[in-house]
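Trainee: The chain contents come next:
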Amino acid sequence: MEILVCVKRVPDTAENEINVSRDGSDIERGDLVYSVNEWDNYAVEEAIQIRDKVGGSITVVSVGDGDAEEVLRREMAMGADKGILLSDESFTGSDGKGIARIIKAEVEKGSYDLILTGAQADDGAGQIGGLLAAMLDWPYASLVNKLEVLDDKRIKVGREIAGGNQEMNEMDLPCVLSIQTGINEPRYVGIRGIRKVASVEIPVHKASDLGLAPESVGAAGAKVKRLDYFRPELGEGAEMLEGSAEEKLEKLVEILKTKGGLK
Amino acid sequence: MTQQIFAYIIQKGGKIDDTALELVSAAKKINSASSVTALVAGAGETLAAACSQAAASYETVWKIENEALAHVNAEVLRGMLVRILPKESIVLIPHEHFGMDLAPGLAVKLDAAYLPDAVGFEEITEGKLKAVREEYSGQVSTHLSCDLSGGAVITIRPGSFAGDESKALSGQVVNKSADAAAEGIPGKSRRFIEVVAAEVGDVDITKSEVLVSVGRGIEDQENLEMVNELAAVMGADVACSRPIVDAKWLEKSRQVGTSGQTVKPKVYLALGISGSFQHMGGIKGVPYIVAVNKNPKAPIFQVADVGVVENILEFIPALTQKVKEVKG
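These protein sequence lines are chains W and L, in that order.
Residue numbering for the first sequence follows the working numbering, starting at 1 and increasing by one per position.
Residue numbering for the second sequence follows the working numbering, starting at 1 and increasing by one per position.
Keep in mind that a hint or two might mislead.
Among the chain W residues that face chain L by a calculated CB cut under 10 Å, a handful are [claimed, not checked]:
{"hint": "1", "residue": "P11"}
{"hint": "2", "residue": "G56"}
{"hint": "3", "residue": "K97"}
{"hint": "4", "residue": "L132"}
{"hint": "5", "residue": "L227"}
{"hint": "6", "residue": "L252"}
{"hint": "7", "residue": "K263"}
Source of the hints: derived by calculation from the structure; they are not laboratory data.
Here the structure is a predicted model, which means the values were calculated and not measured.
Beta carbons are placed, not taken as given, at the ideal position from N, Cα and C, and that holds for glycine.
The whole structure should be built from the sequences, with the hints applied where relevant.
Mentor: This is the structure:
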């Protein structure tokens with residue numbers, strides 16, 4: 001099975017406090033720790049498990065600047081066979097549909113049976129898989145948390161729905177799935193794996209390589225544009241307990257007692 | 001603006017979802033004078049009940065009935081909607097499990113702008129809607145401009161617009177089933193098999209009065225022992241946020257959130273939980289929320305009643321000790 005997995009380099013929100021730059025045009029990126037979007041790791045792990053079971057190969061693809069190469073390399077160290085970077089100045093300012101158009105152009109250069117994306121990214125909203133599938137006229141399922149290959153034409157997927165329930169579907173290949181966390185346990189990537197792929201060449205495909213008209217992508221082709229970033233308006237907010245650790249403990253236990261938190 | 005606005009209504013067993021009223025508010029922000037049409041799809045006897053319920057909030061309800069929608073399938077429904085929606089429509093869809101399946105593909109097939117996960121609308125200038133979205137786990141917000149001129153599909157985060165209950169209407173239900181299926185049932189390359197119900201755990205956290213809930217901040221499975229001990233001395237049950245279940249450290253039945261359990265304790269002690277909207281979506285009945293997190297800007301502090309900025313790995317054992325002392 002030929003599998004394409006879309007991955008993205010994002011600031012790690014578990015490790016970073018994200019702040020807005022003074023003029024609101026961007027977030028402060030200076031000291032940010034970047035990593036692979038968490039959901040994408042689950043998608044790559046799932047692809048590896050499928051390939052190891054039924055054969056085939058995995059290509060990881062990312063739309064981004066030169067720095068995005070590091071996440072492609074990381075996913076290759078994890079076990080993906082190939083990486084492709086889609087990078088061009090004209091891609092800047094693309095909305096979701098623009099990004100999906102760029103990936104679609106790459107998909108059409110290959111011959112894939114299955115495309116996986118992360119269910120969402122911290123700076124996105126879970127849109128690329130669904131947009132891409134519709135542009136390709138392939139079937140799509142979002143929030144997939146179980147996947148079983150039935151034969152070379154069909155797969156069985158479980159989708160997450162409300163209340164911890166799971167909706168099971170059978171789908172025809174080729175198809176696009178967005179992968180939800182929890183479907184597997186992404187394997188650990190060791191320094192040895194990283195070294196092994198350090199010198200592998202990663203092709204960079206530009207708009208011209210993909211046959212994309214510049215006005216169809218980037219800010220020129222975007223119907224949805226970002227205007228600025230700002231700090232969200234805070235709600236009433238919590239009463240923050242101050243003082244030494246001991247004082248905070250005393251106050252908290254008193255509160256828990258009053259509110260019925262101690263039985 | 002002459003574009004028609006539509007709202008997709010999530011319904012189950014003849015009952016419409018809370019988001020149905022939220023979409024009325026969202027639509028009014030786009031055009032307060034516009035009449036908004038509800039789209040209600042499904043099969044069987046309960047569909048009529050859902051339509052009449054929707055008609056109490058919408059002047060027009062389009063009923064789309066088809067056996068193929070008995071368990072609603074985004075691919076089938078999308079094909080039907082594309083046939084009946086006028087050009088350049090604005091379609092509002094809740095940003096939840098089904099909406100995320102339906103909306104992006106619908107935007108492509110309608111050749112409309114796609115704006116996912118909006119939490120607010122501010123103004124419309126020259127046909128462009130200024131919308132708000134949250135990013136980076138709610139730490140940062142962003143304004144987006146969405147060009148409505150060629151139509152738009154917009155998903156709305158549940159709970160971000162207040163439900164409109166201004167007046168009860170007696171809307172008209174229009175049966176669009178024949179038009180929607182006029183060219184046959186759209187292709188079905190994804191076929192529904194069954195719904196697998198969540199497994200029942202050994203503790204039913206939906207009935208707990210006090211919950212000690214733990215998140216990513218616990219860092220290691222071994223550290224759960226200290227959470228168990230705290231819960232034991234408090235007389236509370238242990239719950240958790242999604243990453244703990246993803247790591248298989250606790251069973252799914254203990255997960256609080258839109259994809260887990262909805263809980264209504266008196267006191268909710270959130271330990272090392274950042275407070276994503278999906279997590280907070282699982283807490284109903286307005287409990288007293290106490291949050292402990294080392295990040296002073298964690299979104300949980302916006303919704304909590306009391307906050308403590310501490311590393312939970314040090315704070316939990318100290319709290320356990322203190323509770324023991326107090327309880328003697």
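Trainee: Which of the numbered hints above does this structure break?
Mentor: 2
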